Structures are given as C-alpha cells and as structure tokens.
Amino acid sequence: MSMPRDRTKILIVVVALAAVVLVVPHTTSFIILLATRALAFSILVMSLDLLLGFTGLASLGQAAYLGIGAYLTAILAARYQVGLGYDFWLVILSGMLGAAALAALFGLLATRATGVYFLMITLALGQCVWGLAYRWNSLTGGDNGINLEHRPKFGIDLANPVTFFYMVFSFFAVALLVLYTIVRSPFGRSLVGIRERELRMKILGYNTWLHKYLAFVIAGAFGGLSGVLWAHTAGIVSPENVVLTTSVDALLMAVLGGAGTLVGGAIGASVVLFIREYLSTLMHGWQYVLGGVYVLVILYLPGGLMSIPDRVRQWRTAQSNAADGQRLAPVQH
Amino acid sequence: MDARFWLIQAFNGISYGALLFLVGSGLSLIFGVMRIVNLSHGSYFLLGGYVALSVIWTTGSWLLAIPVAAVSVALIGLVMERVFLRPLGFDPLRQVLLTVGFAFLFQQAALDIWTGNPFDINPPAALTQSVVVGGLHLPLYRIFMIAVAAFIGLALWLVMEKTRLGATIRATVDDAQMARGVGIDTSYISMLIFALGAFLAALGGVIGGAFLGVYPGLDFEMLPIAFAVVIIGGMGSLGGAAIGALIVGLADNFGKALFPEVSYFTLYAPMALILAVKPTGLFGRE
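Protein chains in written order, with our numbering: chain A, 1 to 333; chain B, 1001 to 1286.
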C-alpha cells in the first residue's frame, strides 16, 4: 500500500537532484562552490543518519571519519604527490577504507554503549582524533593544517569548479543510492527494528551487536568518502574539520532535515551552509537565525524539515474533519 | 627533569584540576539528575567570564564580579531549564540537541556584546604575588583557586550528605522514577540542579579567566574537557567529579609537558576506554 507513496517520494528526490545538477552550473561561482560544499558535507550527514535515524545511535564524533579521509588526502597529496592523477581513485578507496578501519576499531568500544552513553563515547573518540590532528605537528601540520594546492587531473581537470561540482554531485548521488539500498535491505530493516526495540530483536534471534557494529563501520566509510571530497573542496585540511563543533553540526543537520530520511541530511546541510555562508554576507547576526532555527525545529518539528508535508497533510485532515463536524453538528442536536 | 619540575607540574595540575572541578561537578550533577548531556555548559563557563568583565569594567570590583557573574548565569540556566528543556519532558536526545542550539545562540550573543577580542580578567594585586614554599615559587592565585574549589566542594558535600534537600537530590540521581513515587518533586530538583550547574560553571569562568583568558571559542574548548572530568570521575557523583578533575588536571599538565604531540590523545583515549568498560565512570553510582 505504501509503494505508490514511496515511488512518488523517490520521483520527487530524483527530480530535485536533476534540477540541482541542471541549474547550479549556470549560476554564480559562489553558488557553485556553496553547492559543492553542501553536497560533500551531505555525505557525512547521511552517513550519520544511518546511525541516528535508522539505528537510533546519536553519534557526536562523526567528524573523525571525515577527518581521516581529509587528512589522508591532504598528506598523500602534499607530501607524496599521490592522488593528483588517476590515482585519485586509489585515494578515494583508501580514504573510505581508512575511515572504515578506524570505525571498526572505535566501533568495538562505542557499540557497547547506547543512548546518552553512546553520545559521550563517540564524543571522546572524536576528541582523540582531534587531539592528534591538533597536536601531532610533524604529521598534520598542527593548527595550521595542510594546504592542498592542486585538485586532481585525469582526463578531466577538477580545478574547474563546474567539473568538480559534477564529480562531487556524482559521488553524492552514488552515496545516496548505496545508503538507500542499505536501509531498504533486510539488514536496514533490522537496524530499524533495533532502533525501535533492541531487546525484541535479540529475542527474535538477531545478532543486534553485529548489526550495530556493521552500521557503524559503513557510516565510517562514507564519512571517509566525504572527507576526501571535502579536502579538495576546501583546499585546506585543519583541526577545524575534526573539532567537536563539526560533529555537532553534522548531528544538528541530520535532525534539522529529518532523521531517518537520508535526503533530509542533505537538506539540513544545505540549509545550514546557506545560512552560514550566504546569509552571513547579507546580514549581521545570522547565527541567531541558525540557532533559532535549530531551537524551533527541535521544539516544534521533531521530524525535521522533511516532516513538513506530512504535518501539512495531518493539519488539512484535521481541518476538514473539523469542518465535517460543524456541518454534522446541527443534525446531532 | 628534577624533583622541582615534578613538583611544579603537580602543583599546576592540581590547581587546574581545582578549576575543572567547578565546571565538572555541575555537569555531573545535571547528568545525574536529568540524564542529559548539557552541551551549553561550556557557554556558561564563557558567559561567566564575560559578565565578570562587564562588572569589573563598570564597578572596578573583582570581588563583586564573582557573585554577580555566577548568579546571573545561574538565572540564564534556570530560565533555559524551565522554559525550554522542561516542556520536552523526558526526551534526552532532543534536550541535548536543544542545549547545542542554545550554545550557538550564546556564542553569537557573546560576540555581539563583548566583541571577538580576547580579554584577561585581572585579579587584585594581592593575589598576583607568589609565595615561596620549600624553595618553590608558587603563584598565590593558583593557591586561591584550590581554596575556592575546596570550599565549594566541602559546601556541596555538606548539603548533599547532611541536609534533607541533599537526600532528595541523591534519591533523584539514583532512581528518578522511584523518587517521584515517594513524593519528591523531581522537576523542582532538576531546575535547582541546572541552575546550580550554571552557577558553578560561571564561577569557574570568572576564576579561570585570569589564566585561561576569556575569548570566543573557549566554550567549546572547555566542554570536552569538562566531559572528560565527568566521565572519568563518574556521572552524578561529587566525589567522582573531584577525583576526575584531579586526574584530568594532572594528566593535562604532565601530558603537555612530557609528550606534547599526543597530549590530548592521552586525555581522551582513557576517557573512551573507561566509558566502554564502565559507562557510569570509575566512581559513578551503578
């Protein structure tokens, strides 16, 4: 019964993405850069949504995986000139594998906890990565970070902002597709089962720990992908990328867009980056807008921006019911 | 590296730990009572420092700045708990997210009111001298910090252990549902503890402002360190917060002095390990 609704939703997303890819290249260079940033960061937010929205694990350390991907890219490029040609694909692969490996290690600790404890353990793990990035000067360049002077060039020249936008868009689309396939698979359904009630899933014979652990590792891998793209988008990698506020950003973006919807993460990321980088050039006190949006959404729209259509539908139904009630009222008397 | 080095570092670590106790104890109590992670706790610390600066600029009195800053930030905390956190009922994730939203709002407000310039809070001249103990020059201000933390710790301990109010708070930490069952107004306790936490954090901000400074970004720098204190010590426990603060203060000082490149790692990795093995912290109540 829900199939036609789902198909409509998929169609809307596809149309929206098509609109983005068709329109953005014809706008200003500022908008192109902004869209590229939003798409690259969206992959991180969607990876977090796999944990938050589908598995019920709120992570406050997701920036760590972005950091691994980004630092790997920057160190390989700046020190060893690796990843600036066709070997860029190897960097993508190693960024994802590196982040997945870190998540495999961190996951052993983190998946022991749930709820607020999971929040704090991921915070601690994220801070470990930040601490190394900030202090391990000889490897990471410390507070100054590492500059990436060139974007890869292989047949296509990614130094061109529009070409680069197309590439990041493609990665975003593939990531969305893969994550969507995962959450619609039996594995993804089990994750939702764990979110709803872990004990029941255990009793039904599911290895809930393994499910959570795999979700954690998959999320890490996509975080790494996001990091590789982010490094080339920003052109600099610094502890700023792995600091607590970046993880907090990702979490808030996921909630703002709507947890458990994947594309909500992309919407959340776009809205936040738009306010932060575009609105900030137009008005003073843009951070009040951002903070205010967060507070209002958390208070009044727990399902995030993606739940607005449902909310409107509910409201309309309630309205028409009320109208029916009024018409019927005289009859009842 | 002789004995002097170790003694000086240990003294610095202990005095930093004293400051961390002020920040951590409030965070710990808030977690214990409300089961939420207050991510605006670092903001209270920073706001405390800023309000104190304003008081010093207008009245010139450092002594007056301490209570004014602590009480006004406590009021902010109280309003936040009553107006925004309480209506969410028992929904820790949303409450946590809400505290972040406020942290961002506070950040912008602080930028608007006190600009982005870094400031220092200068204590009275009497406290800027140092005393010589056994051939070591110890700054009087750091001794003052230890004294304040000890005094606050003792006062909190007395209230928690010897008064009826303290008993109801402990009962709420142990089992909020049961506490409500026997007629304890846990909503009132939450409000009280949240305000107290804000009070202590702001107090830390004023006192710490003399050697950490007061600058934008200090809020999110302080927050994870406060968490380390709470987690190592154990959530919802005062004694735990004291021990946690001491451990973190010492680890931070010796870490930075001995192996600077991995100093933060040596702070947060044990925190993660402790959480994995014993989520309630080393000295937390089960």
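To be clear, the hints were calculated from the coordinates, so they are not data collected in a lab. Take these hints with a grain of salt, some might be off.
As the list claims (entries may be wrong) - Simulated DEER-style distance windows between Cβ atoms:
{"hint": "1", "chain 1": "B", "residue 1": "Glu1261", "chain 2": "A", "residue 2": "Tyr206", "range": "19 to 29 Å"}
{"hint": "2", "chain 1": "B", "residue 1": "Asp1120", "chain 2": "A", "residue 2": "Trp89", "range": "43 to 53 Å"}
{"hint": "3", "chain 1": "A", "residue 1": "Phe187", "chain 2": "B", "residue 2": "Pro1260", "range": "21 to 31 Å"}
{"hint": "4", "chain 1": "B", "residue 1": "Phe1005", "chain 2": "A", "residue 2": "Ile156", "range": "39 to 49 Å"}
{"hint": "5", "chain 1": "A", "residue 1": "Asn160", "chain 2": "B", "residue 2": "Pro1260", "range": "14 to 24 Å"}
{"hint": "6", "chain 1": "A", "residue 1": "Leu204", "chain 2": "B", "residue 2": "Phe1005", "range": "52 to 62 Å"}
{"hint": "7", "chain 1": "A", "residue 1": "Val23", "chain 2": "B", "residue 2": "Lys1278", "range": "27 to 37 Å"}
{"hint": "8", "chain 1": "B", "residue 1": "Gly1181", "chain 2": "A", "residue 2": "Leu199", "range": "22 to 32 Å"}
As the list claims (entries may be wrong) - Now the stretches of chain B that chain A is said to cover, found in silico as 3 or more residues with beta-carbon under 8 Å:
{"hint": "9", "stretch": "1031–1045"}
{"hint": "10", "stretch": "1236–1250"}
As the list claims (entries may be wrong) - Part of the chain B face toward chain A, derived, beta carbon under 7 Å:
{"hint": "11", "residue": "Ile1146"}
{"hint": "12", "residue": "Ala1147"}
{"hint": "13", "residue": "Val1148"}
Note that the structure is a prediction, hence the values are computed from the model and not measured. Even for Gly, the Cβ is constructed at its ideal location relative to N, Cα and C.
In ascending order, which of the hints set out earlier in this document are inconsistent with the structure?
When the structure is compared with the hints, numbers 1, 3, 4, 5, 7, 10, 11, 12, 13 turn out to be violated.
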